[in-house]
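With the hints as constraints, model all of the structure from the sequences given.
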Amino acid sequence: MLKRLLLILGAEILVLAVLASVPLMVDNSFVLGLLTLLAIYGILLIGLDVTVGYLGQVNLAQAAFLGLGAYAAGLAVTRFGTGMVPALAAAAAVGCLFGGVLAFPALRLEGPQFALSTLSFMALTTTALNELESITGGAQGLQVPRPPLAGLVLEAKGFYWLCLLVLVIVWLAMSNLLSSQWGRAFEALRDSPIATDAMGIGTHRHKAVAFTLGSGLGGLAGGLYAFNFQFLQPQVFVYELMVILLLGVVLGGRKSLWGALVGAAIIVLLPNLLSNRVLFQLFSGIGFLLALVAGIRGIVRKSTGPFRALAPVIAMGLLTAGGMVISNTEDWRKAIFALMLFAVMVGLPEGLMGFASRFLTRLFRIESCPLPEPSRLDAVLPVKETGSGSLLDIRELRLHFGGVRAVDGVTMTVRRGSVHGLIGPNGSGKSTLVNVVSGLYAPTSGDIELHGKPLPRGSLFRTARMGISRTFQNLQIFSELTALDNVMVAMKGICSTPLPLVLLGLARGTERRIQTDALALLEMVGLGTEACTPSRDLPHGSQRFLEIARALARRPDLLILDEPAAGLAPPDVARLLEVIRGIHGRGMTIILIEHHMDVVSRLCDIVTVLDYGKVIAEGKPDDVKRNPAVVKAYLGGADGPGEPGLVSACEAAPASS
Amino acid sequence: MNEAVIAQMVASGALMGMVYALVAYGFQLTYATSKSINFGQGELVMVSAFICLTLTNLGLPYWLMVPAGLLCGALLGLFVERAAVRLALEQQSEGWILMTIILGLLFFSAAENIWGRDDRPFPTPIPADPIRVFGISVTPVELSVAIGVLCIMALIELFKRKTLLGRAFEAVAADRDAAELMGISATGTVMLSYGISGMVAALAGILVAPITTVGPTMASALVLKAFSVAVVAGLDSGFGVVVVGLVLGALESLTSYYVGSGWREAPGLVLLILALAVRPAGVFGKAAIRKV
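Which chain is which? The protein sequence lines are A and B, in order.
Under the working numbering, the residue at position 127 of the first sequence is numbered 127, and the numbers go up by one with no gaps.
Under the working numbering, the residue at position 285 of the second sequence is numbered 942, and the numbers go up by one with no gaps.
Source of the hints: derived by calculation from the structure; they are not laboratory data.
Nothing here was measured: the structure is a model prediction, and the numbers come from that model.
Non-contacting residues of chain A with respect to chain B, defined by C-beta distances greater than 10 Å in every case (computed):
| hint | residue |
| --- | --- |
| 1 | Leu35 |
| 2 | Phe80 |
| 3 | Leu142 |
| 4 | Pro145 |
| 5 | His204 |
| 6 | Glu373 |
| 7 | Ala379 |
| 8 | Lys384 |
| 9 | Glu449 |
| 10 | Lys492 |
| 11 | Gly505 |
| 12 | Arg555 |
| 13 | Asp557 |
| 14 | Asp572 |
Quick list of in silico lysine to any residue cross-link-like pairs, SDA-like style, CA-CA up to 20 Å:
| hint | chain 1 | residue 1 | chain 2 | residue 2 |
| --- | --- | --- | --- | --- |
| 15 | B | Lys692 | A | Ser192 |
| 16 | B | Lys692 | A | Glu110 |
| 17 | B | Lys692 | A | Asp191 |
| 18 | B | Lys943 | A | Gly111 |
| 19 | B | Lys943 | A | Leu109 |
| 20 | B | Lys692 | B | Phe896 |
| 21 | B | Lys943 | A | Glu110 |
| 22 | B | Lys692 | A | Leu109 |
| 23 | B | Lys692 | A | Gly56 |
| 24 | B | Lys943 | A | Val404 |
| 25 | B | Lys943 | B | Ala831 |
Here a beta-carbon is modelled for each residue, glycine too, at the ideal position from N, C-alpha and C.
Dropping the structure here:
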């Protein structure tokens, strides 16, 4: 733990010290200009990484936010004669404002639609900056004098230190935010928006905050950009710049502040690389050799497919060959960016820093994930008085999809502290019923009440907040998070610390508490030793247990388990029985959908049987098994002897998954 | 007088709108099979037009140049699928968005350097003298755009409905997994859709080039509007793109007349953002049910 912290902190301080002291040692305006740009692009890319890395959405608008911020700062100075600090604040505010406005429609969007709306926003911004000549000066450009900072006239050196200071502040604030519950929520949202809502984390709020914040940083960087160049033209903030910015984030490494800094360094150095032919040939040659070595290794070890091994080699080969033949590398710069990006996207999707961090972790033998002692389970999941009476009341619930009556007038009551089984043949409406109860679908008609209060209709998020928590038949884990983070992100009381305090780093105490609590829950389901494993690498059975632990992190009043035994090996089924008994022993009310009849018989106090969306039987497991209507539903119309019952029927029917 | 001007504006704008509809239709084809679209589709339009121009300059007659151009477009489409889309689809990631943007940039840069940055005229045997229909003057070139667009869309729809390969296409669009279980190669069908989409892009290039002239940037505005049309109409409605294309084309020419030519891209962009905010599935699209 200490070693890891010291190394990271040491590296940060070392780089900062070097960057800050360069102007004292070298008196070269060219170098100073590059470093200033490095700091500005660093801020810009950290902002872009929030959407591209953490939210996992392709954001094509960051160049527009840079432009908007630059013009906002420029106009604040030229029109209103403000000083440096108010102008920069205005730039960041304009970034946030437009980011917030765009986030509103973009909130509901995923993937290509999100990319398209940001692309349109960028095109619209360029049009507006060009056409609103009376304000922006249009294509003629805008002269921006560098205003004094609190009465102090900044020369090149002073301005560089200011940029560096802003970068450091942004760096610290974002590292606080991204290592907190907020950062985890951003990532959860990327992996499964449905589960994010079902865990009461809330997709919309987090998406909006992430995007607004990233845009605000874009605006802030724009302000510094304006005062650095002191001349603005709309045609700078266009498609090509956006591609370069994406190149920076992808090549540097997503989901990493260091990656953003490395990416910024690459962006800053690129134009110089392109203008010097010898240097360009050298670098493209090195890139080609690296791709070749990696490709051959990949093929020999069979760790990558032929395309992933060959495509980067071909791309870098083209780049090298082109560098030999073509004299005017400047003219081909778009193709050069394209080939480099292509090679990196295919060959090194984790980016330079992703690769480097893996390498360094091995080199210094850092434990990847130091863990504290888990909390006592009683503190995390206190034993509740079960009491009596009903917890959940469903009355005349219907859900029709066109002509299909998936749920057709279901009335049932779940008693406090019971394990209530829900069974029925495939397609009988069990999963649809719990999907309505948990808020994924809005019912066509009927009432659902928890504690006698009506549940929100058709909102996973608000239902989760009312105290219902669920697992999914088709797993919805946050696959890029570790097992521990999966549980932590769902912990009730998430985001109880206000955002500004999180940015200032004042959420560490809660953070620690959440971590130990989550560990306790992982131990309870038997995943204590897997806490640091990325959840996508867990075997299927463990992922099912992980979903249970995550659902418990909500400390729900009602836990819905949707076929938890589906696809489990027999020893895991036995463990599942233990786990569910343990949870039930703490007074938790559980709805259990299950195909394994032995699991149902051993766990459930009461069983409701559905067929064609209707309740056909209800009672103790053993009674229900002998109910003629139930046997008929499972086996079809034959009037078989009542005795063989459901056990054999269930074994005959393949479990749906 | 004023009404006549407006009618003229609406008519010529709507005819241009048919090109947006055609490019948007190309997005729909690939979206149906793979839920992905080529963000560099505009560059396919442009490169195909340049190739056709070169073929014509080499002495190929117009009616031979057209099929040759379509073939080149299809090949380019297949290349995009292989290089940029397939890996991302296999990994079920959205990497294809960036990858197709990257390929588009590569095509753009190549065209810029091979054919030059200047706009060049595109020869066509169709006469350019305007004819008057109900007091509105239309050039045969503009009419050929509308006819060409409707013909190719009708042909492709017929192909999808009447041939075995077309049924396979529809099957993969409806349910990829089920189609694979029935022995239809989903990868092959995605390839097919990218091939046809590339062909559609090439046709758009051939049809629009006589009007816009040929240059590296000829399609960069076009493709933005095609995005708007596809999204506003819904990514699964072939009928919708024609309607929205006509409306957007008309709206745009009115905007450039009344507000200023610099703003002519604005209505499409605003419509796109609004449509995504209000009705993400599009005006003519079907909203998907969230499944778990």
